[in-house]
Every structure is written in C-alpha cells, then in structure tokens.
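Each chain is listed here by its residues.
2 protein chains.
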Amino acid sequence: MGTALTVPATDNGHNVLLVGTPLDRKVIAEMHRRGGSHPKLDEPCSRLVTAIPVDDLGSEHLEGADIVIVGVSSPGIGWAVDLLNNLMVNRLPVAFVTKGLAVRGKGLATYAETLPPQLRQMYAFIGIGGPCIARELANRQPTASIYGCKDLQVAERFAALMRTDYYRLSITTDDTGVEACAALKNFFAIGVSAMQTRYPDKKRGGGQSKNPTAAAFTQATLEMARLCERLGGHPATAFGLAGLGDLHVTVGGGRNSRLGHGLGRNQTIMDLMSNELAGETVEGVDTARALAPMILGNAAIKMESDDYFPLTFAIMDSILEQKSFVLDFANLIVR
Amino acid sequence: MGTALTVPATDNGHNVLLVGTPLDRKVIAEMHRRGGSHPKLDEPCSRLVTAIPVDDLGSEHLEGADIVIVGVSSPGIGWAVDLLNNLMVNRLPVAFVTKGLAVRGKGLATYAETLPPQLRQMYAFIGIGGPCIARELANRQPTASIYGCKDLQVAERFAALMRTDYYRLSITTDDTGVEACAALKNFFAIGVSAMQTRYPDKKRGGGQSKNPTAAAFTQATLEMARLCERLGGHPATAFGLAGLGDLHVTVGGGRNSRLGHGLGRNQTIMDLMSNELAGETVEGVDTARALAPMILGNAAIKMESDDYFPLTFAIMDSILEQKSFVLDFANLIVR
Numbered sequence: 029m030g031t032a033l034t035v036p037a038t039d040n041g042h043n044v045l046l047v048g049t050p051l052d053r054k055v056i057a058e059m060h061r062r063g064g065s066h067p068k069l070d071e072p073c074s075r076l077v078t079a080i081p082v083d084d085l086g087s088e089h090l091e092g093a094d095i096v097i098v099g100v101s102s103p104g105i106g107w108a109v110d111l112l113n114n115l116m117v118n119r120l121p122v123a124f125v126t127k128g129l130a131v132r133g134k135g136l137a138t139y140a141e142t143l144p145p146q147l148r149q150m151y152a153f154i155g156i157g158g159p160c161i162a163r164e165l166a167n168r169q170p171t172a173s174i175y176g177c178k179d180l181q182v183a184e185r186f187a188a189l190m191r192t193d194y195y196r197l198s199i200t201t202d203d204t205g206v207e208a209c210a211a212l213k214n215f216f217a218i219g220v221s222a223m224q225t226r227y228p229d230k231k232r233g234g235g236q237s238k239n240p241t242a243a244a245f246t247q248a249t250l251e252m253a254r255l256c257e258r259l260g261g262h263p264a265t266a267f268g269l270a271g272l273g274d275l276h277v278t279v280g281g282g283r284n285s286r287l288g289h290g291l292g293r294n295q296t297i298m299d300l301m302s303n304e305l306a307g308e309t310v311e312g313v314d315t316a317r318a319l320a321p322m323i324l325g326n327a328a329i330k331m332e333s334d335d336y337f338p339l340t341f342a343i344m345d346s347i348l349e350q351k352s353f354v355l356d357f358a359n360l361i362v363r
Numbered sequence: 029m030g031t032a033l034t035v036p037a038t039d040n041g042h043n044v045l046l047v048g049t050p051l052d053r054k055v056i057a058e059m060h061r062r063g064g065s066h067p068k069l070d071e072p073c074s075r076l077v078t079a080i081p082v083d084d085l086g087s088e089h090l091e092g093a094d095i096v097i098v099g100v101s102s103p104g105i106g107w108a109v110d111l112l113n114n115l116m117v118n119r120l121p122v123a124f125v126t127k128g129l130a131v132r133g134k135g136l137a138t139y140a141e142t143l144p145p146q147l148r149q150m151y152a153f154i155g156i157g158g159p160c161i162a163r164e165l166a167n168r169q170p171t172a173s174i175y176g177c178k179d180l181q182v183a184e185r186f187a188a189l190m191r192t193d194y195y196r197l198s199i200t201t202d203d204t205g206v207e208a209c210a211a212l213k214n215f216f217a218i219g220v221s222a223m224q225t226r227y228p229d230k231k232r233g234g235g236q237s238k239n240p241t242a243a244a245f246t247q248a249t250l251e252m253a254r255l256c257e258r259l260g261g262h263p264a265t266a267f268g269l270a271g272l273g274d275l276h277v278t279v280g281g282g283r284n285s286r287l288g289h290g291l292g293r294n295q296t297i298m299d300l301m302s303n304e305l306a307g308e309t310v311e312g313v314d315t316a317r318a319l320a321p322m323i324l325g326n327a328a329i330k331m332e333s334d335d336y337f338p339l340t341f342a343i344m345d346s347i348l349e350q351k352s353f354v355l356d357f358a359n360l361i362v363r
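Protein sequence lines correspond, in order, to chains V and H. My numbering applies: residue 29 is where the first sequence begins, and numbers increase by one. My numbering applies: residue 29 is where the second sequence begins, and numbers increase by one.
Isolated chain V (complex conformation) (with noise of 0.2 Å):
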C-alpha cells in the first residue's frame, strides 16, 4: 500500500523517498532489478520515487519532508514508532496506512489515541481510511479514501497533494472512527464471507442464497458502527468510505474472506490456519483477539449482546473458542 500510494503523489509531481523495511529488502532490491516496478503492483513507480533499504535513511532524509506515511504491518509498529522518534528532528504529520487496536489501560484504544503520545515529532496524527485495493490504485482505477485528522486543515493539505482524478479524497475530524473501522472491518468481513458460503442454492448466480449475506452486511454495518463509538469514534463514520465501504471491498477477496468461506462450510479455524491459510496473517483474527477483553470482559455489551452483537459474537466464538461458526438469525433484531 505504501508502494501504491506513490502513485497519485508522484502524479501530482512530488517527490517520494519509499523506505523499506529489513523485511522488505529483496522487495526493494527487485524493484530496482526491474526498473521500479513493485512486484505486487503491476505498474513501474515514477522516476520522482526512490527506493532504499531503511539502512539508507537518515534524519537528513525527513527534515525537509512535507509528511511521513507509515505503512508497516501492525506487528512492526513499535519498530516504525522508535525509528521515527530517533530520527524526525522537526515537527511533521504523520499518516498511517497502518492498522490495528492497542490495550490501553483496562480498555481498547485505537492508534489515534496510543500513538500521539509515542511520536515526540508528530505534529498530527492521520489516519487513512476506506475501500483501497493497493494494486487496483496503483493501476489508477477510481479509488475513494478518507483521511482522518483532528485538525481539518491538516487532513485537507495532506489530502491536497494526494488528491488527482482516480484517487478520491473525503476528509474528517475523527480519526479515531477511521481507525476503529479499519481494523474492524477486517473482524466483521470474516462473518459476511461465511454467509457466501453457508447457505447454497444451484439456482442463484454463484450458487450461493443472497439473502442472508445481505442481512449479514447490513448487520456488520449497524454493529460496527455500535463498536466504533465504544472506541470513541462516530458512529456516522461506519456508514461511509471507512466502515461500510471498506467492507465491500473486503468481503469481496483477501484471506478474511477466504477465514470466513471456510468457516461457512463449517470448517474450523484450527483446520484453516493449519491448512488453507497456513502461515498467513489474517488481521481480522488479531482484531479478534485485541477486542476480546474489551467485549468479553465488559458486563453493559455481554448484557446486550443478543440484540447488538449477535454477529460480533458469533466471530468471536468461533476464532477464541474454536467453536464451529453460528450466526443464529433468530438473535437478529435490527432497525
């Protein structure tokens, strides 16, 4: 995705130091071997960008930055945060396509509360958000995102040097819904993928009933919304490009799509991680486990769960407790 990102910016005629991590040096080493081409992108990067290993990085690199966008896995963020801390040596924004929920306290918080004060030298936080399959922007296909910034002004000047034709920019102040939503998306996609999947019919398009993943959607939708405000966003931030949008595009292909098929033809998720998905990160089973002491361990959701969280739950049961996946319609009881 920070590959992919390069692509509107240099666009737009700026600039771009794309950085990778000790993880990525044979990525880095083969883009150079073919002439600036990401191997996962199947476009060439613009000659505005350069590509070096993180060794080659130095705060020179970042003083005269306009932004810095992290795009690590979540495990690497604590990486990415102490490198940054070492070498930003002037107040900057700070992006991140990075994804995740932290333990914070007794409660969970997202990377728009836990990182702000990591980041001695970020002058914002900014959160990217919404339906954005990386290859599919790199191809310049028509994209809408949403960055999320609590200053306005500082979302919108990101937003002004990304912003071309094909890659759509919304903006807003909370940050912390895009957040929020980002990384439940990945958990909820898990549940609607199971519906493709549970309910078969020869006579439908796909073979699969629509039925039920249309109310499984709708469901994922008004529940993340319920989830996003316990974590401190706006609800009203699920039904856009972050929360309903990027679900789309998520259920539509990716390995929490591919958990979820199998859990929907009743296999476990033992039997999929050891076999299907081996060795694969599947990050709506790391959001799973992230909520679950917050969901689990909080008496005002378990006392509502059946008319809130019935498919939260039937998640959760099925990735913690190993539990076949059960998606009881009989507990749905929506607007």
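Think of the hints as simulated: they come from the structure by calculation, not from any bench. Check the hints yourself; a few may be wrong.
Same chains, same names: a pair is fine if it fits in one copy or spans any two.
DSSO-like cross-link-like pairs, simulated, lysine-lysine; straight-line CA separation at most 27 Å [what the hints assert, rightly or not]: (1) Lys330 - Lys351; (2) Lys54 - Lys231; (3) Lys178 - Lys230; (4) Lys134 - Lys230; (5) Lys330 - Lys134.
Following the hints, complete the assembly by docking chain H onto the known chain V.
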C-alpha cells in the same frame, strides 16, 4: 413475493387466502395443477393456503382477516385500491410489498403518504422492506426484513404473525423511509452495477476492479439517505435493512443490475431496452422517471448536485437523456 410470504405465515399456523389478479390466472391454474407450488418458487405452498382468482374474492373473505397484504406490481396499485375500497367492510391494517413513488402536488411522495387517504377502510399502512429475494424466503433461507408503520404496535402485531426462525423481522415507525428506500434502491442498483463492468481487471476474481464498486456502493447509500430525507423519511433508515441491505441484494442480480452492467459496458439504455431487456420492466427506470420532476426541477438539489448527488445525476442522465453512463469520480466528495 406475495406467495413467498405465505411460507412464514403458514409455518406459524395461519390460514392464508392467496388472491391472483386478472394477470395471474395462468399462475393460479398452474399452482392448482402442480399441487400448490408457484412456478417461480421451488417450494409447494402449505395446505393452509387457498389460491383463488380475484373474481372469486368477496367481502366475506376480508371480514375475518387479521391483515391484508398487497403484492401487485406498481402499475396495478390503483386497481388494488379500487378493489379494496369495494370489498373491505371493516377496518384492517394493510401491508404493501408494492413499491413506488407517486406525484403529490408539485412534489413526490411515497405510498405511505399517498395511499392512506385513498383507502377508506385501511386501519394502518405498513411498508415491507429489506433484502428479500422471494424464492429464497420461500425456501426458508435466513432472511431479514423490516416492517414500517407509524403505529409501532400495529407493526409489531403483524411482525408477530410472520416472524419465524428464518424470517427475521425488525420494526420501525419510519414507514415513509422504508417506502422511499424500497423504491430508490432499484435506481441506485443501476449505478452501482455499472461500476461492476466499467473497469475490467483480468487479475481480479470476477475480472473486475473492486475499488470503484465499493466507492459507488458507499456513495449510493449516502445519496439514498439524502433523498430518503427529502421524501420525508429518516436518513438512518437508508443505513439499515431497507436501504443498504436491500441495495446489496439488488446489486447482486436482477433486471436493474443487468441494465447497470450494460451501461457500464457503454451501451445506452435505448440499446439495452430494445435488445437484452426487451419487454421487461426495470423498476429503477420507473423510479428515475418519477424522480425527474423532484430532482431536475428542484433548484436546491441541483445546486448541491456535484457534492451531494453525483451518482443520482449520472444515473438520471443515462436513463432520461439516453446518454452514456458517466460517473465522474472527480465529483465524489463524500463524508
């Protein structure tokens, strides 16, 4: 859909009188020949269903009924109103599967507003919404729907007659919103479906890019909420089963979706309606025609069209002006 609704009703032990319009004579005859099975639903009706042609319907049949459900197509709504005015002797709630928008004065209104003054013996109007393919409901696949009635107790009494473990019912006082969304979702499904064929991507499952469809689905939901509000409904209804839920299932297949696919491939509506879709009723096209005076004649809506209604105008242009469908993603500035 009328016949499909007999399945949960009779599973709950209710007797149902299923009345065919003059256009349904063949269907009624075939149901009798097939032992009660509707030719489009692969499920025989219960013995609690008595199927009769409308000529056999008398006041005595309606007298002891709990409720009347109207399932004619929208061009038949005037006929149904006249019939009920002739035959209903006592006041009963009437629920409508039929959807449409009707001209009222200089504006537009849903059946929730236009039918109550016309139906003398209607005790309460109930709108039925949500993602429900009739055949899947008849096959008892899990289906979530929503009943809207200004009198919530009436909605709940009707829901209690119909609710089963596979037919999940929510209720709302926003009958107007349910009706508005039920009509609008056909219209927006055309535009979202166009995105499913407009941006081919050989490397993606299904051969199509997914970012544009997810963006358009989000945009459709937001514009549906805005139009729902202008039609007198609550915008939140668009973010539930009647709105995005029903949109989800409508984009998944059917005539509105097929029309959209053709538009996405740069065919014109004239071309499509005289070839692939010759002789078929595409409800979203009727909705576009009904919306035209409200949208094209409304200076306030036109003023905010770029920011608020880019998808609405793109669909209107392709249907009413016979233009190629063009959704300029540069116009999408969403929340």
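Each hint tested on the structure:
In this homomeric assembly, Lys330 and Lys351 come within 27 Å of each other (Cα to Cα) only inside a single copy, at 19 Å, whereas the closest approach across copies is 53 Å. With identical chains, the CA atoms of Lys54 and Lys231 are at most 27 Å apart between copies only, with a shortest distance of 23 Å across copies and 47 Å within one. For a Cα distance limit of 27 Å, the shortest separation of Lys178 from Lys230 qualifies neither inside one copy, at 49 Å, nor across copies, at 39 Å. When the C-alpha separation of Lys134 and Lys230 is checked against a cutoff of 27 Å, the pair qualifies neither within a copy, at 48 Å, nor between copies, at 47 Å.
Within a single copy, Lys330 and Lys134 get their C-alpha atoms as close as 16 Å, which meets the 27 Å cut-off; across copies the closest is 50 Å, which misses it.
The structure fails hints 3 and 4 (numbered hints given earlier, in ascending order).
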